[in-house]
Each structure stands twice: as C-alpha cells, then as structure tokens.
Amino acid sequence: MRLSALTGTFVAACLLAGCAQGTGDSEETSDASFDSSADLSGEVQVMGFGAGDEIATERLELAEEELGEAKVDLVEGDLDIQQFLSSVASGEPPALVYAERSQIGTFASRGAVVPLTDCIEGEGIDTSVFRESALGEVTFDDEVYGIPEFNVVQLTQANADLLEQSGHTVEDVNGSDWAAVLEANKDLMQMQGGDLATIGYDSKLPEFLPLWAKANGADLISEDGRTAQLDDPAVVEALEFAVSVYDAQGGFGEVKALRDSADFFGDGNQFASGSLGAMPMEQWYVSVLNDVSPDAPMAFDTVRDLQGEPLAWASGSAWAIPKGSPNPEAACRMARVMTETDSWMAAAEERVRLREESGGLFTGILTANEEADEAIREMAPTDGDSVWSQAVAAMYEANDHTFAMPANPAGDEFEQAWQDEVNKVLNGQKEPADALADAQEAAQDALDEAWASWDEK
Amino acid sequence: MSTATAPGRRTRPATRRRRGEGGRHQGRVALLFISPWLIGFVVFMAYPVLYTVYLSLTDYDVINDPSFVGLDNYRELMGDEKIRLALRNTFVYTLMSVPAQLAVSLGLALLLQRAGRAAGFFRTAFFLPKMTPPVAVGVLLLMLLNGQNGLLNEFLGWFGINGPNWTTDPAWVKPGLVIMSLWTVGASVIILLAALQEVPEELLDAARVDGAGWWRRLWHVTVPIISPAIYFIVVVDTIASLQSFTEAYTAFFGAGNTTYSNDAALFYAIYLFQQAFEFLHMGYASAMAMLLFVIVMVVTAVQVMLSRRYVHYTGGAR
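Those protein sequence lines, which keep their order, are chains A and B. No gaps in the numbering here: position 290 of the first sequence is 290 in this note's numbering, and each next residue is one more. One rule links them: number in this note's numbering = place in the second sequence (from 1) + 457.
Keep in mind that the hints were calculated from the coordinates and are not lab data. Mixed in with the good hints there might be a few duds.
What the hints assert, rightly or not - Which stretches of chain B does chain A cover? Using the computed rule of at least three CB atoms under 8 Å from a CB of chain A, they are:
#1 519-530
#2 599-606
#3 624-632
#4 730-737
Heads up, the beta-carbon is just placed ideally off N, CA and C, and yes, glycines get one too.
All chains should be built: construct the whole structure from the sequences, respecting the hints.
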C-alpha cells in the first residue's frame with residue numbers, strides 16, 4: 001500500500017467524522033439502568049476480542065448464559081483504534097470494546113468511553129478483587145473507565161548451561177546487582193569471526209526502560225499522570241546501564257540483528273540454540289518455551305530491583321463501554337462475567353484438562369483478579385523441582401510486586417517521546433542525559449496539551 | 458419559386474436545431490455514462506480533499522467537534538523537528554530509489570528484449586512480485602536483510618563481503634528499503650519493454666553502420682526514443698516514493714516491532730499516520746497531508762518542466 005490506500009482510510013475517517021459532527025461535545029445522556037438481576041435482550045457487539053483459546057471460550061460461554069436473550073457478536077482481532085473511534089464519531093459504536101489498559105486513559109480523555117461507576121454499582125462488580133496496579137491503569141481522573149483482565153509481567157529468563165559454563169548463576173542476571181549483570185554479560189557473550197554469536201544479556205531496550213528506571217527507584221511519569229519524570233537522574237542512570245550492556249557487545253545494532261534472527265516461537269529459539277544468555281521477558285514466553293523446547297536448559301527468576309526485591313511492570317487488557325453504546329446494560333454484564341473469579345476458575349480448569357490431555361504443563365494464568373490468581377495458583381506447579389515449576393513460582397511472585405503506568409490522556413505520545421530518544425542513544429546519536437532531557441520536554445508538552453484539553457471540558 | 462426558396466430558408470435552421478439537439482443529446486448521454494465516475498469523484502475525492510483542507514485549519518480528534526485554530530497547524534509544522542527528519546528521510550529515499558528502480562527496470566527490459574521465446578515467461582516472472590502484498594514485502598525485508606543470517610548477506614559472503622546490518626544500522630536502513638523496492642519493478646519493466654519494442658530497427662542499423670557501439674546506440678538512439686516511457690516511470694515512481702508507507706511501517710513500526718530505526722525509516726507518510734491514527738491529531742495530520750500535496754505538485758511540476766528539454770516525442774508532439 002502506498003499513500004493512496006492510506007489516504008483512502010483517512011478519507012473514510014474524514015467522511016465518517018464529517019457525518020458525525022456534533023456528537024462529540026454533547027453530554028453523555030445514557031439512561032442505562034444497570035441491574036444484575038435484569039433480563040437482557042438485543043445484541044452485544046464486541047470490538048477487539050477474539051475467542052481464540054479455551055481461556056476466552058470458557059468465559060464467553062458463561063457470559064452468554066448470563067446474558068440470556070442478548071446475543072454476543074464478536075468483531076475479532078485486535079482493537080482497531082481508527083475503526084473504533086470512527087464508529088463512536090459516527091454514532092454507531094459497538095456495545096463493548098476490549099482494549100489495552102494503556103489505551104483507556106486516552107479513550108476516556110477523548111470521551112470515547114464512559115465512566116463505569118453506575119455499571120460497577122448496578123452489576124455488583126467487586127472492584128476490590130482487582131490488582132491495584134491494574135485498576136489504577138484504567139482509572140482516569142478518579143473514575144474507573146475499564147474492567148481489567150490479564151496481567152503481563154516480566155521474569156528473568158536465562159540459559160542455565162551458558163550460565164554454568166561462564167561461572168555464573170541466575171542471581172547474577174536477575175537485575176539486583178547491575179555490576180554483576182555487566183560482568184555476566186561479558187562472560188556469557190560469544191563472538192565468532194568478528195560477529196556476535198551469543199548475546200550475553202539483553203536488557204530489552206527501548207521498551208523496558210520503565211522497568212530499569214523502577215528498579216533504580218524512579219517512575220517515568222508521576223502518579224497522577226500529569227508530570228513526566230524522564231530527566232530524573234535515576235532514569236538517566238538506568239538508561240546508561242541498560243545501554244552499556246549493548247555497548248559491551250558491539251552496539252545495539254549487533255544485538256538486535258542477532259535477536260531478530262532467532263526462531264522466537266519455534267524450537268530454534270534463542271535459548272534452545274544457545275544464542276542468548278539471559279534477558280527479562282514477559283511470562284507468557286515461559287509457556288511458549290515449555291511447549292516448543294521443553295528440554296531447553298532454562299533458569300528463571302523474578303526481575304529484581306537494586307534492593308533485591310522482585311519487580312515487574314504490569315500491563316494487560318480491559319473492557320470498556322463506548323460512548324453511545326447501543327446496549328450498555330448487556331455490555332456491563334458481559335464485562336462482569338468475563339472478569340469474575342468463577343469464570344476464571346472455569347477457564348483455568350479447562351486449560352488444565354487440555355494440558356493434561358496433550359502432556360503439557362499448566363503454567364498458570366495471571367488474571368488481574370487477585371482472588372482468581374490465588375485460586376489458580378493452587379492448580380499450577382509452583383513447588384516442584386523442575387525449572388518450569390520455578391518459572392511459575394517466579395511468575396506469581398512477580399505478579400505480587402507489580403507497578404503500572406498511570407492512566408493519562410497522552411499515552412501513545414508519551415511513550416513515543418521517550419522511545420524516540422532512547423533509540424537515538426542506541427544509535428549513538430545522543431548521550432543518555434541529553435536524550436532524556438529532550439524526551440522530557442516533548443513528553444511534558446504532549447501531557448500539558450492533552451490535560452489542558454481535558455481540564456477545559 | 459418562393460415556395461421553393463422558403464423551405465430552403467427553413468431547412469438551414471432546422472438542420473442546426475437537429476444538430477444542436479443531437480449534440481445536446483450526445484452530451485447528456487456522455488454525462489450519463491461518466492456520471493458514476495463524476496459522482497465517485499465528487500463524493501470520494503473532491504469532498505474529502507476539501508474537507509481535509511478544512512480540517513487542517515482545526516484541532517480535531519475524531520470524537521469531538523473540530524475547533525477552528527486558523528493556521529496554527531501550519532505554524533506548528535514549520536517548527537516540528539520530526540517533520541524535517543521525515544521529509545529528509547523521504548527525499549533521500551526517493552533520490553535513491555527512483556534512479557535505482559529505473560536502472561534495474563531498464564536493465565531487465567533490455568535483457569528481456571533479447572530473451573526471444575522465453576520473454577513471456579520472464580515477463581511474468583518479473584511481474585509476479587508486484588502482486589506481493591506490501592505488508593509481506595515489509596516482513597520479507599526483515600528476513601532477507603537480517604545482518605546475521607539474511608539471504609542478502611549470505612550472498613555477499615560468497616564474494617568475501619561482510620554485509621552490513623541492513624535492518625538495524627541506521628546508515629543502511631534506507632539502502633535496504635531501496636533494495637526491497639526493487640522487488641516490485643515488474644510493472645516498469647513491462648512498460649519499458651513495450652517502449653523498447655517500438656524503437657525503429659533501421660535507426661539502430663544506421664547507428665551500427667556509423668560505427669556506434671552498444672552503449673552509444675543505447676544512449677543516443679534507444680534512450681531518447683523511449684524517453685516518454687522513462688519520463689512516465691520517473692514521475693509515477695517519484696510520487697510513489699514520496700508517499701512510501703507500508704513496507705517501512707511493517708518492518709519498523711508495526712505490531713511486534715520496537716520502534717528502533719525510527720530515525721532512518723520514519724517516512725513522511727508514517728509520521729502522518731502516527732499523528733492521525735495513533736495520537737489522534739487529525740487537524741495536524743490534515744495540514745501534513747496538504748503539505749505533502751504541495752510538495753508532490755512542486756516536484757511533479759519541476760519534472761514536467763525538465764521533460765520539455767529531455768523527453769522526445771515521435772512526430773514532434775510534446
């Protein structure tokens with residue numbers, strides 16, 4: 001596609017928007033009456049959710065039972081923001097959307113989704129069971145705009161054979177001692193004919209800067225989501241450390257090229273092929289590794305801060321009701337059933353059954369619902385001798401020590417601002433302090449502009 | 458007699474009326490036939506373009522009503538460092554890709570001309586990649602041009618050349634994208650092949666008799682004669698290059714990729730897309746679209762002016 005197709009899309013959006021002028025600034029006049037005992041009817045069109053596995057289908061079946069006469073219609077695939085916003089602008093939104101939690105603040109600030117206070121009260125959704133960080137990520141200006149589900153956290157994942165050969169242990173690469181990480185990095189990395197053949201340690205920049213900053217005691221953004229803190233010396237120090245890991249290996253370009261060449265989801269993955277020593281990585285990759293290379297020599301631990309405490313940067317999904325939803329009552333009930341403890345338990349039991357059938361291992365599910373997490377934790381092997389049990393145990397430990405980015409109205413711009421500048425450091429164009437000072441300015445401008453628009457409403 | 462002349466006087470206006478009626482009728486029929494296009498043009502081109510001009514003067518986030526901000530978006534454009542970066546990337550890519558695509562297309566077309574009966578097969582073979590979805594080309598780019606185990610570097614290795622990291626070294630990202638753009642030169646090859654087949658053999662024979670070698674015949678006879686086709690390809694490829702989006706977006710900005718190499722692969726259309734659909738700055742993106750429109754117009758106008766000097770049409774027509 002050249003720009004012609006892009007223009008077509010743009011034009012379509014303009015047309016829709018043109019037709020929908022005037023919908024935006026009007027007050028939300030929903031007369032929805034949320035009641036968990038009410039009989040429901042009509043259709044619940046859901047955008048962004050796919051029933052791709054048993055975790056989805058089991059919960060969906062339960063939701064459909066609870067919805068009674070109301071029928072669910074899934075628009076599968078990841079949420080297409082343009083399609084969603086255009087549908088809201090044109091006055092024909094879906095009843096319910098399934099989005100990344102980091103998007104909820106932006107949607108809320110634009111008036112694309114509605115506060116869920118009435119929905120939560122009417123349907124009796126127990127918000128106390130949700131993880132604080134997950135609920136915080138969907139709470140914008142003191143109002144809850146999304147019902148959270150799933151939690152994505154990071155673990156230290158390492159090749160045990162390479163660690164042993166280099167005289168190190170997983171404790172050396174769990175992040176609790178940056179000097180130890182750098183030392184292990186040098187010992188683990190291998191060169192062949194002038195090229196990098198084994199990555200010693202991959203600090204996963206640019207995307208994991210928030211994790212390294214938090215490990216050093218700093219947040220990229222203030223708790224209220226209004227102030228960028230990218231030029232905090234602790235953030236600069238974190239970036240310097242994470243970049244130095246690459247510098248010791250010939251630069252980020254070398255590491256990235258080798259990283260990209262791995263058969264990431266196959267049995268030739270970087271751990272099975274011995275082309276990576278260690279890295280922080282999301283917990284779902286444990287399940288992938290267990291599935292495709294169960295005999296890979298793995299070692300797991302949580303990622304730790306400089307005090308040695310477990311640490312993870314949590315993200316996940318959330319259910320939200322669009323402005324103008326044609327069936328908010330049914331949408332709210334669906335969000336409730338999909339995220340309540342009993343539904344998660346049913347889904348987990350089905351997964352355990354299927355894994356037993358196929359001879360695989362149940363590696364747990366992080367639901368963002370603490371009650372469900374605790375119950376499911378009992379079903380997962382966290383106390384066995386195998387490395388996979390250790391992985392699951394580490395995953396649950398990480399899940400208990402998470403932080404999240406607060407909801408803000410300029411989420412994408414904020415992220416783009418610091419990622420652009422981190423890339424310049426990785427390219428060798430800028431020094432970390434200069435780059436983060438520039439990122440601070442760009443990010444704060446974006447936040448100020450977005451908050452000003454919101455505050456004026 | 459008077460009766461004889463009277464009808465004659467009456468005949469002329471009647472004929473004119475018939476012709477006039479016929480002309481109007483034909484006009485109405487013509488309008489009827491082209492009306493689907495006209496309606497499509499007004500609804501899908503003219504109105505959206507005018508609406509984009511209007512949006513470029515507003516602050517608009519898709520959900521809320523546009524608010525008029527005058528020329529603020531254009532003023533912001535002038536001070537936006539990323540606009541300059543994106544334009545520079547786009548121009549550099551265009552300056553590399555258009556000549557490269559033309560040279561490769563012409564080379565392949567010249568080879569095809571000599572392919573004899575096999576020309577049909579090769580013509581199809583060269584054109585087939587054009588059918589590849591650009592998203593797939595973006596993914597292919599990452600695989601073929603990987604600095605560690607990509608096919609291109611494997612190939613270069615046979616000649617003892619240690620290939621660069623095409624996808625991660627900012628200095629090599631644009632050349633890598635240019636190489637991938639050669640994947641789809643099939644259409645240009647077909648156009649140039651058709652033009653080559655129109656070159657009069659007697660002119661080439663005359664040049665041979667005068668002692669001109671292959672290169673002089675190509676440069677002084679063939680190229681001037683096929684210059685209209687070359688001109689067409691240059692104009693079309695330039696516009697396409699200035700609007701490059703999908704391959705670079707898929708490779709460096711799409712889902713699953715980090716934004717590394719932003720600096721090198723951030724084309725204007727990608728930044729426009731980000732502003733419109735990621736940051737929801739539709740007004741600003743509309744101003745960017747208008748700027749791109751002006752740039753394309755200016756570049757094309759320069760090419761048209763240059764064509765008067767360098768493009769030779771047979772029969773004296775220009």
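Hints and how they fare:
Counting residues of the stretch 519-530 of chain B whose C-beta lies closer than 8 Å to any C-beta of chain A gives 5; at least three are required, and the coverage claim holds. Under a criterion of three residues with beta carbons nearer than 8 Å to beta carbons of chain A, the stated coverage of the stretch 599-606 of chain B is upheld, 5 such residues being counted. By the rule of at least three residues with a Cβ nearer than 8 Å to a Cβ of chain A, the coverage given for the stretch 624-632 of chain B holds, with 4 such residues. Restraint check on the stretch 730-737 of chain B versus chain A: 7 residues with Cβ-Cβ distances below 8 Å, three needed, restraint holds.
In summary, this structure violates none of the numbered hints.
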